[in-house]
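Protein chains in written order, with the working numbering: chain A, 1 to 343; chain B, 344 to 676; chain C, 677 to 982.
Simulated from the structure, these hints should not be mistaken for laboratory data.
Since this is a predicted model, take the numbers as computed values, not measurements.
A few of these clues could be false.
Claimed, not checked - Below, in silico cross-link-like pairs of lysine-lysine (DSSO-like), each with a Cα-Cα straight-line distance of 27 Å or less:
no.: 1; chain 1: A; residue 1: 100; chain 2: A; residue 2: 139
no.: 2; chain 1: C; residue 1: 701; chain 2: B; residue 2: 407
no.: 3; chain 1: B; residue 1: 469; chain 2: B; residue 2: 407
no.: 4; chain 1: B; residue 1: 360; chain 2: C; residue 2: 972
no.: 5; chain 1: A; residue 1: 21; chain 2: A; residue 2: 50
no.: 6; chain 1: A; residue 1: 21; chain 2: A; residue 2: 299
Stated by the list, open to error - Covered stretches of chain A (in silico footprint by chain C; criterion: 3 or more residues with CB under 8 Å from a CB of chain C, positions within the stretch not fixed):
no.: 7; segment: 101 to 110
no.: 8; segment: 268 to 279
From the three backbone atoms N, C-alpha and C, an ideal C-beta is built for every residue, glycine too.
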Amino acid sequence: MEAKRNGNDTDEVLLSVNNLKVHFPINRGIIFPRHVGDIKAVDGVSFDVKRGETLGLVGESGCGKSTTGRAIVRLEQPTAGTVEFQGIEMTTLEGESLRKTRRRIQMIFQDPYASLNPRLRVIDIVGDPLKVHNISSDKALTNQVRELLNIVGLNPNFITRYPHEFSGGQRQRIGIARALALRPDFIVFDEPVSALDVSIQAQIINLLENLQSEFRLTYLFIAHDLAVVRHISDRVAVMYLGKLAELTDRERLYKTPLHPYTQALLSAVPIPNPIAERERFKNRVILEGDVPSPDNPPKGCNFCTRCPAKTRVMNEKQIDCSQVEPEFRQAEPGHWVACHLYD
Amino acid sequence: MGPLLEVKNLETQFFTKEGIVRAVNSISYELNTGETLGIVGESGCGKSVGALSLLRLIPSPPGKIVGGEILFDGIDLLKVHESEIERIRGNRIAMIFQDPMTSLNPMMPIGRQISESLELHLKMNKKEARAKAIELLEMVRIPSAADRIDDYPIQFSGGMRQRVMIAMALSCNPQILIADEPTTALDVTIQAQITDLVNRLREEIGMAVIWITHDLGVVAGLTDRVIVMYAGRIVEEAPVEELYENPRHPYTIGLLGSVPRLDEERPEQLTSIEGMPPDMIDYPSGCPFYARCTFRIDRCLESPPDLRAVGPGHKAACIVDVSASTLPSSVIS
Amino acid sequence: MTTELASDDVTQARFVNVRYKDLYKLLRTLFHDPFSTTAAIILIVLVIIAIAAPVLSPFDPTAQSLLRRLTPPAWVEGGSEANLLGTDLLGRDMLSRIIYGTRMSLMIGVVVVVVAGIIGTIIGMLAGYLGGRFDAIAMRFIDFQTAIPYFLLAMTIMAAIGPGARNLIIVLSLGSWVIFARLARGTMLSIRHAVYIEAARVTGGSEYWILVRHALPNLTSTIVTLATLELSRAILTEAGLSFLGLGVQPPNSAWGLMVAEGHDYISTANWLSTFPGLMVMITTLSINVFATWLRKATDPVQRGRM
Numbered sequence: 001m002e003a004k005r006n007g008n009d010t011d012e013v014l015l016s017v018n019n020l021k022v023h024f025p026i027n028r029g030i031i032f033p034r035h036v037g038d039i040k041a042v043d044g045v046s047f048d049v050k051r052g053e054t055l056g057l058v059g060e061s062g063c064g065k066s067t068t069g070r071a072i073v074r075l076e077q078p079t080a081g082t083v084e085f086q087g088i089e090m091t092t093l094e095g096e097s098l099r100k101t102r103r104r105i106q107m108i109f110q111d112p113y114a115s116l117n118p119r120l121r122v123i124d125i126v127g128d129p130l131k132v133h134n135i136s137s138d139k140a141l142t143n144q145v146r147e148l149l150n151i152v153g154l155n156p157n158f159i160t161r162y163p164h165e166f167s168g169g170q171r172q173r174i175g176i177a178r179a180l181a182l183r184p185d186f187i188v189f190d191e192p193v194s195a196l197d198v199s200i201q202a203q204i205i206n207l208l209e210n211l212q213s214e215f216r217l218t219y220l221f222i223a224h225d226l227a228v229v230r231h232i233s234d235r236v237a238v239m240y241l242g243k244l245a246e247l248t249d250r251e252r253l254y255k256t257p258l259h260p261y262t263q264a265l266l267s268a269v270p271i272p273n274p275i276a277e278r279e280r281f282k283n284r285v286i287l288e289g290d291v292p293s294p295d296n297p298p299k300g301c302n303f304c305t306r307c308p309a310k311t312r313v314m315n316e317k318q319i320d321c322s323q324v325e326p327e328f329r330q331a332e333p334g335h336w337v338a339c340h341l342y343d
Numbered sequence: 344m345g346p347l348l349e350v351k352n353l354e355t356q357f358f359t360k361e362g363i364v365r366a367v368n369s370i371s372y373e374l375n376t377g378e379t380l381g382i383v384g385e386s387g388c389g390k391s392v393g394a395l396s397l398l399r400l401i402p403s404p405p406g407k408i409v410g411g412e413i414l415f416d417g418i419d420l421l422k423v424h425e426s427e428i429e430r431i432r433g434n435r436i437a438m439i440f441q442d443p444m445t446s447l448n449p450m451m452p453i454g455r456q457i458s459e460s461l462e463l464h465l466k467m468n469k470k471e472a473r474a475k476a477i478e479l480l481e482m483v484r485i486p487s488a489a490d491r492i493d494d495y496p497i498q499f500s501g502g503m504r505q506r507v508m509i510a511m512a513l514s515c516n517p518q519i520l521i522a523d524e525p526t527t528a529l530d531v532t533i534q535a536q537i538t539d540l541v542n543r544l545r546e547e548i549g550m551a552v553i554w555i556t557h558d559l560g561v562v563a564g565l566t567d568r569v570i571v572m573y574a575g576r577i578v579e580e581a582p583v584e585e586l587y588e589n590p591r592h593p594y595t596i597g598l599l600g601s602v603p604r605l606d607e608e609r610p611e612q613l614t615s616i617e618g619m620p621p622d623m624i625d626y627p628s629g630c631p632f633y634a635r636c637t638f639r640i641d642r643c644l645e646s647p648p649d650l651r652a653v654g655p656g657h658k659a660a661c662i663v664d665v666s667a668s669t670l671p672s673s674v675i676s
Numbered sequence: 677m678t679t680e681l682a683s684d685d686v687t688q689a690r691f692v693n694v695r696y697k698d699l700y701k702l703l704r705t706l707f708h709d710p711f712s713t714t715a716a717i718i719l720i721v722l723v724i725i726a727i728a729a730p731v732l733s734p735f736d737p738t739a740q741s742l743l744r745r746l747t748p749p750a751w752v753e754g755g756s757e758a759n760l761l762g763t764d765l766l767g768r769d770m771l772s773r774i775i776y777g778t779r780m781s782l783m784i785g786v787v788v789v790v791v792a793g794i795i796g797t798i799i800g801m802l803a804g805y806l807g808g809r810f811d812a813i814a815m816r817f818i819d820f821q822t823a824i825p826y827f828l829l830a831m832t833i834m835a836a837i838g839p840g841a842r843n844l845i846i847v848l849s850l851g852s853w854v855i856f857a858r859l860a861r862g863t864m865l866s867i868r869h870a871v872y873i874e875a876a877r878v879t880g881g882s883e884y885w886i887l888v889r890h891a892l893p894n895l896t897s898t899i900v901t902l903a904t905l906e907l908s909r910a911i912l913t914e915a916g917l918s919f920l921g922l923g924v925q926p927p928n929s930a931w932g933l934m935v936a937e938g939h940d941y942i943s944t945a946n947w948l949s950t951f952p953g954l955m956v957m958i959t960t961l962s963i964n965v966f967a968t969w970l971r972k973a974t975d976p977v978q979r980g981r982m
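Given these sequences and hints, build the entire structure.
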């Protein structure tokens, strides 16, 4: 077994998501709105995050991965299901108790330009969480913010600057400093590096890894880039159209993916090696068509409209994928998959 | 026969309130018939501005092509009359962009948008043009093209819109297709569909392709030759296999080390390039990569290094003889 | 320990300095542009005139002297040194009346903008932030009111409740708050779902904190700009209503009233209307020029470009 990087020797579950659903109602009519359906952005997702690990959550746009992360930090109100954080049920918290718990769960957003208030200086952006929770006196605040900037690799003298004076990578560092200010246990990253250039991306990824081991942080890392997710995650979950398709250790997922969707996804990622890439080009599983709309997902398995293994399932298992929905189950210990091939 | 397209010392600048932005600084390259050339670089490196300059699509003001030559089929595109370049644009050199919605008219059915250019450029009548439009949509593998020809752009998904753009670009059988980050906004499975499509069409039609991207992975499988740009300059140029196997510029080496990859064991840490690209207004007088370079020596500050041959078809703009395995030491005289 | 404290103090000191430096930078951008500079100077002078009216005016503005009626300005033939801008038809000193008129017009304008601005901004912010029923009701009311022409509404109400400075303030505020509410709501809607608002929520900020700390600063630039524009509009409307006899009443002086008083004599004693009219024009023009500069100056992103 490969040694864990971040010393998560315990198997303590820090966060447990159970059958989480987030549906957005579709209303038609301006004067008399009526409810005509739901966008099932997240439709029954369950997973655990262990203390000290990084769980990667990958999927294509519109698969519900961001909504899952937002529901965990309660930026979206879950329609059903539970999110348990160290014994605290997050989905029903309100007011003061919600604000208190939020100290321990933070989030980093994708767009480093939109996530910082253009009117506030760095000292306010990073120092506000400390003020909100009455952690810091005014006098100590400046020093604390300077220290936080130092931790994320920014010049501490930048505290009086405004966000527009920084580059994308530097802004993302400010966002990270803001999240770290409250000394959280758990951080949700929503596509934290996808807006950044490759060379800057590597800087931020390295920073996140160092911070994790230094502060014993637990990460949920949401991204569409499979290579980045592989690099940073201990375990990886693959999401498709509001549901989990597969969840297992990093190495297993990338070496022996079970779900046909994961297989197709991995084969679609171009790799920076011309000779290997030409070979892959020939054998590439190219999925036909687009992802169906989440307001009207297909019956049965939600991947059946694009699945290359559909006929195989019919022949081998005599199961019609477009009728029977596969269960998300352990195909082997520690390897969950939602596909009839492994029933 | 010479190259199909020859760019010589192209220089494009933007004249802004803050100062002159040196977006493209004297770049020279060639494109051969039927060849696929990749231009790689990070945002602001001048790769898109360089491509737009080829068709004189730089918004002016504030932009201006201040120098150089662009020889296409023996004529200098920078010298010909505006009406001449309009005939070449879209006809002999076509272009597709990152966001298809910016080039599609949202109020016009897609079939009409394609057939209109056919009527204009190829002098077809309405009926012929419509039939050809359906044929083109089928060529880019839009399912049930004949039924969808009267749909509006909004009714298509992002990947489908990019296919429509490609169909429009190919409508007049161009000799060169310039693709400016056409898959950046798309999901990876859709990206695979589009790259696969362009690759096949290129073989069928025999056109040359300039594929501009920040993604080293996409370029690897798609191109014959790659140009790496940094701060408005070409820092390395090589056949694709050579570039990935034996990069000779510190920036290329750093870039290849920065990307996490699926085909290799996971490294403990990514080798990131520290720092940021230089200010394009207050442009450095020496090597633009100096501040971030691990191989730097004092002489790098004297003047921006020229491209020099480091192997067959392989050029790098670095005065230090570097490769991925060498340590920062040996200097050529 | 001591060194740590010392360095802390130094940072604090530098921190305060930076604020002064910001102000300095702001003023420098102002002096960079001759138009804005002129406008700002005119406005400062007008404010000084308004505040120091009793000290500055050479005569009691209501003191009549029928013997000296319709004396032309000093530089015109028949004018006298004593009445620099001449006298009106009751022999009152024009300069003194204009000075007191400045006081009246600016006072009414500023009070209207403050009252309407505060009420409108609060209602608009809440409508935009809360949405739902409160928003729907507030917006329908605002739509209803905006459908009626402002000046017509003001005239009707003034005719009903009677003229006078106090009633004028009430009526003008009533007409102006909807503009503030609309703008505040629109801006709120665009920033309600901004990622940095979400970020503030995730760090545990209360709704009140988010409104005051994050939403309000993003409103200030637009609201302050609107306030200056509304100030000039209030001054114009006040002048209009006073001209029609529905506003400020004699013997008090206001620019609009003075123009009205002089309009019968426009061919024989044009100074009666010209000077107060000029004052209205110069004031509103200066305010508008200043507003343009202010909008840019209060936006940190734009400020960098000035």
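Taking the hints in turn, this is what the structure says about them:
no., hint, in the structure
1, A/100 <-> A/139, "holds (23 Å)"
2, C/701 <-> B/407, "violated (33 Å)"
3, B/469 <-> B/407, "violated (39 Å)"
4, B/360 <-> C/972, "holds (16 Å)"
5, A/21 <-> A/50, "holds (21 Å)"
6, A/21 <-> A/299, "holds (17 Å)"
7, 101 to 110, "holds (count 6)"
8, 268 to 279, "violated (count 0)"
Taken one by one, the earlier hints fail for this structure at numbers 2, 3 and 8, listed in ascending order.
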